[in-house]
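Got chain A; can you put chain B on it based on the hints?
Listed in order, the protein sequences are those of chains A and B.
Counting in this note's numbering, the first sequence runs from 1 upward without gaps.
Counting in this note's numbering, the second sequence runs from 1 upward without gaps.
Possibly wrong hints are sitting among the right ones.
Stated by the list, open to error - Simulated restraints, written as ranges between beta carbons of each label pair:
id	chain 1	residue 1	chain 2	residue 2	range
1	A	Q186	B	D800	46 to 54 Å
2	A	P489	B	G498	57 to 65 Å
3	B	R999	A	R183	28 to 36 Å
What the hints assert, rightly or not - These stretches of chain A come out as covered by chain B in the derived footprint (C-beta under 8 Å, 3 or more residues):
id	region
4	184-197
5	450-457
In case anyone wonders, no lab produced these hints; they're calculated from the structure.
Backbone N, C-alpha and C define an ideal beta-carbon position, used for all residues, glycine too.
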Amino acid sequence: MRHRRALELPLREDAAPAPRQAPGPRPGDVLHPIVGRGAATAPAELWLAAHLSPEARRAQGDLAAPSPSSQQDLERLGARAQRLTPRVSLDLPDSLLLEVKGSLHLFGGVEGLSREMARECSRLRLSCTLAVAPTPLAALALARAGLKLGIAHPPGAASGSLVVTDPAQLVGRLSPLPLAMLRWPQDTLGRLARIGVRTIGEALRLPRAGFARRFGTAQLQTLDRLVGRASDLRDRFEACARFHRRRELLYELESHAALQAVLAPLLEELGEFLRARQCGVLTLECRLRHRAVPPSRCVLRLAAPLADPAQIAALLAERLSALILPEPVRACELRSGPLVPRVPGSGGLWQPGEQGGGAAAQAPELIERLRARLGAEAVHGLAVVEDHRPEAAWSVREPVITTANVQNDLQSDPKNPPSRDRRPLWLLSQPRQLNERDGLPRRRGALRLLGEAERVETGWWDGGEIARDYYIAVDARGARLWVFRERGPPHRWFLQGVFG
Amino acid sequence: MTPEVPYAELHCLTNFTFLRGASHPHELVGQAVELGYEALAITDECSVAGVVRAHVAAKGQQLKLIIGSELRLACGLKLVALAADRRGYGRLCRLITRGRRAAEKGEYALTRADLEENGLEHCLILWLPPGSSSEEAHLLEEARWLEERFPERLWVAVELLREGMDRQRLETLQRVGRELALPLVAGGDVHMHVRGRRRLQDAVTAIRHNVPIREAGRKLHPNGERYLRERARLAKLYPRELLEETVAIARRCIFSLEELRYEYPHELVPPGETPASHLRKLTEAGARWRWPQGVPEGERKAIEHELTLIEDLRYEPYFLTVHDIVAFARSKGILCQGRGSAANSRVCFCLGVTSVDPLRGASLLFERFISRERNEPPDIDIDFEHERREEVIQYVYDKYGRHRAAIAATVIMYRPRSALRDLGRIFGLDPDECGRLTKVMQWWDGGEVMRERLREAGFEPDGSLLARLLPLAQELVAFPGFPRHLSQHVGGFVISEGALEELVPIENAAMEGRTVVQWDKDDLNDLGLLKVDLLALGMLTALRKSFDLVNGFRGTRHALGGLPAEAAEVYEMISRADTIGVFQIESRAQMAMLPRLQPRCYYDLVIEIAIVRPGPIQGDMVHPYLKRRKSGEPISYPSEGVEAVLKRTLGVPIFQEQVMQLAITAAGFTPGEADALRRAMGAWKRSGGIEHFREKLIGGMKSRGYADEFAERLYQQMLGFGEFGFPESHSASFALLAYDSAWLKYHEQAAFTAALLNSQPMGFYAPAQLVRDARTHGVEVRPIDVCVSVWDCTLERQEDGEPALRLGLRLVKSLSRSGADRLVEARLQQQFASVKDLAARAALDRGDLEALAAAGAFTSLSGNRHLAFWEVAGTERPLPLETALADAGTNALHEAAHEPAPLLRTPTEGERIVADYASVGLTLGRHPLALLRESLQSKRLLSSRELERLPHGRAVRTAGIVLMRQRPGSASGVTFLTLEDETGQVNIIVWERIGEEYRLPLVESRLLEVHGELQRQDGVMHVVARRLIDRSPLLGQLITRSRDFH
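Pulled out of the complex, with its shape left as it was, chain A reads as follows (with noise of 0.2 Å):
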């Protein structure tokens, strides 16, 4: 693809640094440079980037890499950006970009606009490099070389060499910065580099032809869109909150009746709000403030991400219900932890009861209602753990619950079936000692032993190591008791549990 530019300008002569060659530029021969100096468009917009310095992201632990928490830096400071301009946009990973040319005059012009700016991000201690300049790209490629060249100390102020509002000045200015701040690939810099262009300057001075087709349209538009010759559009940035709505109330309410009919309005705003995200919740936060004491709070912790109002007001009923109010309460306020994306469930042809209406389906509403009722550490899952040890043979878990588990659940190892047979349904959670006459194990009278040892040594690696020859035994009253001898002395004998 070839590129005529209209306005085609020779190379000046005093073009710094002075290019030299070997063999010198043909008479006749014209060469058309991706732009000249003072190449100059109207300037429609003025662009301010805040350019989020790494510093800040790894004092809170993030190395330099882009990270949901610097993306999420950046929303809380576009949010409130929105404040100093309507047209902010992210430039992932680490910048914002706000155009400002509208709102020059609300806030005392560059200066004043960026000392607002510089003071919003100091509110979320975030240490930023701001820039001024007519295009977007043109802005952070500042803002990045401020940042890079240490310009902008203390962190915040937009210093002077990086506002540029004069389209004329533009190019001149952003000659000399390196074109790695233009963050191309690094397989394009080095071949830049290798024909000697290492700064946007020298970059800018190539025929726009040849540097078209050896480096690709796509950077010579990069640079079009640098320097103003081409329009830069950018998404614009929408806050994604999550939700939090507060109901004042008009008189104080004492009846957990009555707060379920405040909390309704509330819980269908919510139901909305989820909805039009196609999102769910997997936390919920109903805070009841009082007049003297602090609020109180009741937090819905779910198993599976929720967005129907019905089944979350259920839910919090059951809650709410259980919660002993120390005053009477004068507000509410419903706060989510963050979205879930959700995917809708389709119905199922059968109604739970029905054949093959299976309650798998209804299992989380089960277990949400039971821990609601019981509190969350008294409800929980088991699974089955591949171990020799007895004891360690299962274990508890929570009970979430997904199509996948119940299947890993279902399938064991059909070439290596536990030997389940010789174990009993009850099992003991610690061993119960018994007492011992003549070698024997006796409980509630001797015990008579059943068949021959089954020698179970294994467990040294966590601690709980066991060496021990299990028996089936019999008792007085004939119910059978599984049982073991320790390996090792004092060679005692335990109780371990009982068949059905």
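Leaving out everything else, chain B in the frame of chain A:
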């Protein structure tokens, strides 16, 4: 009391069933002897890799060793096959080979079809019935299938391991046995020699499954019953007849590894000749070639003597094999040279295996290396040009076929590093933590310092993790080390007359097209099977290329071993330590020794090569030797015998053979004991075990009248010698190559340097140092140029008729060989007019063009690098059709041809140097430090030339590019550095304490500043470092690659 019944364990895995078995073969044998077993079968899974070790351990014991193997078929059927006799053993090896060859390295795959085909005749089969949960129908199916194939030699193995269902299991199997009229036999499924290995067995199981041990669960055995159980215990568990059956089976197995006889390939001897007569003929023909004027009388006698000895020991086929391979290499113009005990014989000299001229320098007695009494097989390693060894290997495969030739295995053992890494992983440490632990533990001595270090690394020295992990690590690495897997020996070939796979199973190696036998070098040695080592040696490549270049340039006919001998000027150069590029004596340790030892003849070189080794250095042999050499005072020997052994090295033992011979001469060791001593010395550092030799050595010497002091000193020297002694027989061959390369360096440095560059990677120095060295010696080196250079570095005639060195395209980083070839071919038709012309006619892709531009190879076509890159970047890769059209001057190139050249900066000198290093690895411009000198001077840093003028003991500061870091295992934590600046090189010694203090600069610097003290000794200069500072940022982007040696 149950009366003890006789018992033979017929199902026993060693740790050669990698990561399953948890005991060494010798431990199992020892324990079986202890327990009074009548026999022990070693039945590793689809392998006989551990049987030789068991065989050696069982020799002379009251225990019969049976060879067998556990096999699991794809359908799940498991059995143990025991070799009843030699034929059965052959069938078993064949089946194992089949299974192993059909699968990836380390795996095997066998099916019922394989078993039907092979039949395992003369093997006894124990069926291992599947686990307790299997249905009886399934059991019957397996049993019937086996019964049909192996009538009268099939047993049902009953393995009662106290897993709770033993009684039920026994009853089931008894029913199956009755139904099919199959006898039952007891078995132990033994994985370890004693119960105490249970934890280790669990650990290796977890490693094998690559799961953390706490998640290994049922992959582990529920208990530790799989050990060699006491017979009384067995008698309680098993019906007596099942135990008696084991012994009955054992008695039917009469095969012993002693029966394996190695038969040499018949094709080596022409019809009508015996091996002896043929070897004699070849030797005599060779003698006439070596001594065209007639064989000197003394030599004739010596040859006769050697031939008689060879005949007596029946080593002829071995010499014939070696001769055959060498003759092939010679016919292909591949340089080769033998070394090793038998290589320095007149016979080998006549056969052309070596060029160690018996008349040259020292007289090397044949019997010093091979003797009637010492029953060890002759050892000849043959080195070939490293780039062409594969041709020789393929010749061997072609000549004998893959069923008769294979490479010996190397058993890779657990070392502290690998043991800690694997154990760390199963204990749930992340790789980072494993790394830290390994690092600290490398120097673990249990002392307080180390405990502190462990804490620093984040480990509690007395914590439960280490308490569990360390004993296991110790068991894994304790001598001789747990085997992890089989790898390929560097070049040890086994060739047999019959099918090799009936001698020992063959399995796939990791390398494509390579196969290895399941035994390693020592195993083959122990069974008296001979092997030939075919090794690769870079210097031989370089020498052949040197000869080709010199002979082509000057019309001479130089050849290996044919250069003018004992040239004084060459030794002069060597004694100046001017030896960059010279074989074996170019390392900095060697260079430091050369001016002190001042080699003046061939045998001095033999000593020089052997003395700069960890053994002599730690045995404190260097200084006494140098002192005696310098003073020339007479040496008194405690006896004539000792004098005979030590005279040639002035009374100081330097070679490995001398230590062996001293043990024999002075302490009365038998040759076999001396060999055992050699092996033990190799291991004592790791495991101890040499102490019991001490008594015998010192006692033996005392009883022969040697003074206590002499005996003790000798013993201490041997300890220091350890495994690091270098054999004279190898040094003698290496010295020849050292001399030839030194001669070439002195007389033909341009050709020699070109050859070294053309043989990279090899040797000690990178191209940059080789070229710099050549230029300091006045060789003109010309840059890479697309209009002149070919792939290799070449010689060009200067005006005065002397050669200049033209760098070749091979030095251009990431240039493809095929692209370079097309370039040279296109240039032959017509010289290039421009970069575009070149790109079109040579059909080079962008990558190749950029590589050439980066190397500055277009300078004569396009001017500077920047312009070259601009042009290259604008070149489209022509389609094949366009290539044809390009000559007609059409198409895309047309357009580009009209493009005006932009104004680009000329590269600065710094940029040129950086680019040179980045692409070619060397620069013909100034040294990078020359550009930095001013700023270095302002930091009061001295150049290497300035250091040369300073006296011993002066405190100095210097800086240079780090060429090499060496941390020899022998030198207890000392690191040696070589720094280079524009005026030369400086050697730095960093003691352990300083090395620890400045670890980061020491390890990471490319440009290093050193403060320290200048030291001089015998003309050798070092700086002993006190402080190190990383100055790499000064280099900017300068790319230097240091070669690190450990």
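Against the structure, the hints:
no.: 1; hint: A/Q186 x B/D800: 46 to 54 Å; result: holds (48 Å)
no.: 2; hint: A/P489 x B/G498: 57 to 65 Å; result: holds (59 Å)
no.: 3; hint: B/R999 x A/R183: 28 to 36 Å; result: holds (35 Å)
no.: 4; hint: 184-197; result: holds (count 5)
no.: 5; hint: 450-457; result: holds (count 7)
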